[in-house]
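Going letter by letter, the sequence shown gives residues 12 to 402 in this note's numbering.
Worth flagging that the hints you see were computed from the coordinates, not collected in a lab. Hints may be right or wrong, so weigh each one.
Claimed, not checked - Derived DEER-like restraints, expressed as beta-carbon distance ranges:
1) 236 / 364: 37 to 45 Å
2) 75 / 337: 20 to 28 Å
3) 45 / 157: 30 to 38 Å
4) 380 / 233: 18 to 26 Å
5) 384 / 356: 23 to 31 Å
6) 247 / 388: 19 to 27 Å
The beta-carbon is built from N, C-alpha and C at its ideal position, and this holds for glycine as well.
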Amino acid sequence: MVIRVAVAVAVVAGGSVHAQTLYTWRGGSGAWEDSARWDPTGVPSTPGDAAGIATSGTDAVTLNSRPIIARLALSGSLRVAPAGGLYFIDSITITSGSIRVGQGIAGQEALLAPLAGTSAITALGGGVVLDGNPANVANARVLAPAGGGLVITGTVRGQGVVQGDGTIVNTGQFIASGAGMRLLGSIVQVGGSISGGPLVLDGADVEGGVLAPTGVRARVPGGRAVTLRNVTIASTLGVAVDPAGSLSVESPGIAFGAGQPPVTVLLFGGQLDLSGPLRVSGALPPLCQAFRVVDVAPGALAQITGRLAKAVDPALPPNRRWALQHLPDGVLLRLTCAADFDADCAVDFNDLLAFMNLYNAGDPEADLNGDGAVDFNDFLAFLNAFGLPCP
């Protein structure tokens with residue numbers, strides 16, 4: 012026996028009084044706006060309303076309007092039609108199945124959008140599918156409005172836009188496919204990842220987590236400014252900067268794997284600003300082999316400002332360190348001996364001179380003991396390493 016209970020209370024939102032009702036979908040396929048498909052009869056459409064939808068097989072609920080509700084619990088399929096959109100205050104919980112956000116129409120994107128800073132989309136199974144128009148991927152959108160926020164747990168995949176005018180916190184996965192995904196605004200990743208392709212970083216500010224483009228490089232288009240802060244770029248493709256684009260990379264991470272050298276940034280033009288340490292992980296490459304973690308395409312007019320402080324890897328074996336070499340056309344990274352400071356894979360008097368120049372300048376590259384300071388202890392560490400064989 013199934014018992015359905017409708018609860019009605021008074022909720023004040025924006026100066027108006029709304030009846031709060033829990034609506035349960037009666038099953039099968041149908042339109043959200045069909046009052047006869049809900050129990051009790053009516054349509055969840057006010058800020059106090061909650062909706063529970065359970066469908067099976069190919070059955071789906073289609074949302075054609077743009078209601079504002081408090082929360083949604085979904086097990087099955089909800090389709091947001093081209094003119095539709097779902098605004099929510101508290102949460103969307105997907106136990107299984109998916110919310111498929113359609114391709115939208117001119118000037119009116121199909122979207123999911125929270126209305127409170129504590130709003131959350133939680134996908135315990137399934138997730139959100141963006142199904143934008145391949146000619147205009149802006150037409151399927153997950154949006155955190157300015158002044159608000161959104162926490163996403165689970166998977167958002169497909170072709171469309173993830174836009175943090177407020178802050179989107181990603182604890183799950185954004186997976187681009189089809190025509191690709193555009194990322195705008197503020198995205199903070201807490202154990203989250205962004206992968207697939209094409210990926211367009213269209214004025215995004217991404218902090219933390221993993222960026223792993225697949226098949227093509229993630230791209231910074233011309234005229235856009237992008238910041239990657241504490242982001243690990245776990246791909247041999249990395250990020251491409253178009254002419255007139257701007258990319259700021261702060262404390263990046265890279266991961267060697269399967270013998271593939273990482274290329275963090277490829278400049279086809281524009282500007283790249285570097286800062287902070289380079290965090291390195293993964294399988295160790297051959298000793299003394301140089302890898303271009305930043306590269307400038309032949310003939311490109313690009314500008315590189317700033318520098319990476321040093322390369323750090325807590326898992327390195329004894330008598331090994333990562334060495335960075337900043338050049339006008341890129342940045343080289345090589346695994347070398349601890350006392351090799353002139354990049355010739357040998358240790359001799361020239362390395363002593365090179366180290367002393369860095370040491371006297373207080374350069375972070377001379378911080379051999381990794382304590383964050385350049386002092387006499389680093390000089391002692393160099394002398395100890397100077398007597399070890401290389402390679």
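These are the hints, each one checked on the structure:
no., hint, in the structure
1, 236 / 364: 37 to 45 Å, "40 Å, holds"
2, 75 / 337: 20 to 28 Å, "56 Å, violated"
3, 45 / 157: 30 to 38 Å, "34 Å, holds"
4, 380 / 233: 18 to 26 Å, "44 Å, violated"
5, 384 / 356: 23 to 31 Å, "28 Å, holds"
6, 247 / 388: 19 to 27 Å, "37 Å, violated"
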